[in-house]
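Residue strings, one per chain:
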Amino acid sequence: MRPLQMGALGRPRRMVWADLCPLLGGVGLALFLVSAFTPLSNLLSRPMGGPSALEPAEAIVVLGGGVMPNGVLSNSSMRRALHGILLHRKGLAPLLVFFGPVRDSGPAEAEVRAELARALGVAPRVILAAAEPRTTREEALRGSVLLQAKGVQRILLVTDAYHMRRARTAFEQAGFEVLAAPTHDLSSGVFRPGERLALMRRVVEERLARLYYGLAGYL
Amino acid sequence: MGQLLIPVLVGVTSMAAYLVGAKGLRLSHGCIHKAVRRMLDCLGVTLIFLGVNLGTAVIVILAARVLTREFLSLYLVADETLLVLSLIQALIFQGWRDLSGPNVSRP
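Sequences listed follow chains A and B, in order.
Counting with the working numbering, you get residues 1 to 219 for the letters of the first sequence.
Counting with the working numbering, you get residues 220 to 326 for the letters of the second sequence.
Hints are computed from structural coordinates only; laboratory data are not their basis.
A few of these clues could be false.
[What the hints assert, rightly or not] Partner residues are not named here, just some residues of chain B that face chain A (Cβ under 7 Å, in silico):
(1) Ala-254
(2) Leu-262
(3) Gly-263
(4) Leu-266
(5) Leu-269
(6) Arg-288
(7) Glu-289
(8) Phe-290
(9) Val-296
(10) Leu-301
[Said to hold, decoys possible] Pair ranges (Cβ atoms, derived):
(11) B:Ile-307 with A:Val-16: 34 to 44 Å
(12) A:Ala-18 with B:Ile-307: 33 to 43 Å
(13) B:Leu-301 with A:Gly-71: 21 to 31 Å
(14) A:Glu-132 with B:Leu-310: 40 to 50 Å
(15) B:Ile-307 with A:Arg-201: 38 to 48 Å
Cβ coordinates follow ideal geometry from the N, Cα and C atoms, glycine included.
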């Protein structure tokens, strides 16, 4: 018989620890299985984007999504950039703004996207590239300096659907009238277990980011 | 059908492992429950390590932003390697508990 120590409520301390870990492990395993093999992540990510509002605006603002040090855009960054370029080619706004900083070293994401837009036929004079902002909030603040000096108030905001709610609030607080132009909604096209886990990770990250923005007073 | 491939695959190999253990190696049937509980115990310790690692990383990043001019993204902590390293920490910790004698708490 091993000796037991009594906790403050008279319950053996070691029993609490011995029960806690398997319980936590069981909950973790259940969440993993539900996230990977059921549409839970699809359902949770669906309301995050909100509806698309593709109407004429004064500028299209494409938020940063990541670039590798060798200048290759991340999937998210490429998706956002192409969506912004397509909206411009449809004539929805005369100005096209790309955000995206340098990662570690190499070219700035904003410059790589601006080069892509020029290569796809967008006139250089309508492209603005801002590499200084590193967060969504900084993008909103920098955007207000860049665009409101040009009299721009109404913008089409391009980002991933799951990121739109936080980004939209940040830009509205910076003084813009925001029309949401999310890239296609990933929630409807994800079925494999690994993809569902990746989507769940994005959902959790975004909810934590919203919590952080709320605690910091940014929202 | 494609969505069922991985669960079916794992189910089949688990059944094969059970047969090898029960028939070939003559392992005790009653110990399976204890083995599952031990696995859940280790998974729980992994999640505790993961939570502590994530919390510490967030504090370090926020402190670095305040104390230095270096900008570190909070997305840096969202890396799969942290989960694997937390699992390794948990396995070592559990092994230490197991090898440290009968007076140590274990399920």
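These are the hints, each one checked on the structure:
1. Ala-254: violated (12 Å)
2. Leu-262: At 3 Å from the nearest chain A Cβ, Leu-262 (chain B) passes the 7 Å test, so the hint holds.
3. Gly-263: holds (3 Å)
4. Leu-266: This hint holds: Leu-266 (chain B) lies near chain A, its Cβ roughly 5 Å from the closest one there, short of 7 Å.
5. Leu-269: violated (9 Å)
6. Arg-288: Violated, because the Cβ-Cβ distance from Arg-288 (chain B) to chain A comes to roughly 12 Å (cut-off 7 Å).
7. Glu-289: violated (11 Å)
8. Phe-290: The hint holds - Phe-290 (chain B) has a Cβ within 7 Å of chain A, the shortest such distance being about 5 Å.
9. Val-296: For Val-296 (chain B), the interface hint is violated, since the closest Cβ of chain A sits about 10 Å away, which is over 7 Å.
10. Leu-301: At about 12 Å, which exceeds the 7 Å cut-off, the nearest Cβ of chain A leaves the hint on Leu-301 (chain B) violated.
11. B:Ile-307 with A:Val-16: 34 to 44 Å: For Ile-307 (chain B) and Val-16 (chain A) the Cβ distance comes to about 26 Å; the hint is violated.
12. A:Ala-18 with B:Ile-307: 33 to 43 Å: violated (22 Å)
13. B:Leu-301 with A:Gly-71: 21 to 31 Å: Hint holds: Cβ distance 27 Å, inside 21 to 31 Å.
14. A:Glu-132 with B:Leu-310: 40 to 50 Å: Distance hint for Glu-132 (chain A), Leu-310 (chain B) holds at roughly 44 Å.
15. B:Ile-307 with A:Arg-201: 38 to 48 Å: violated (20 Å)
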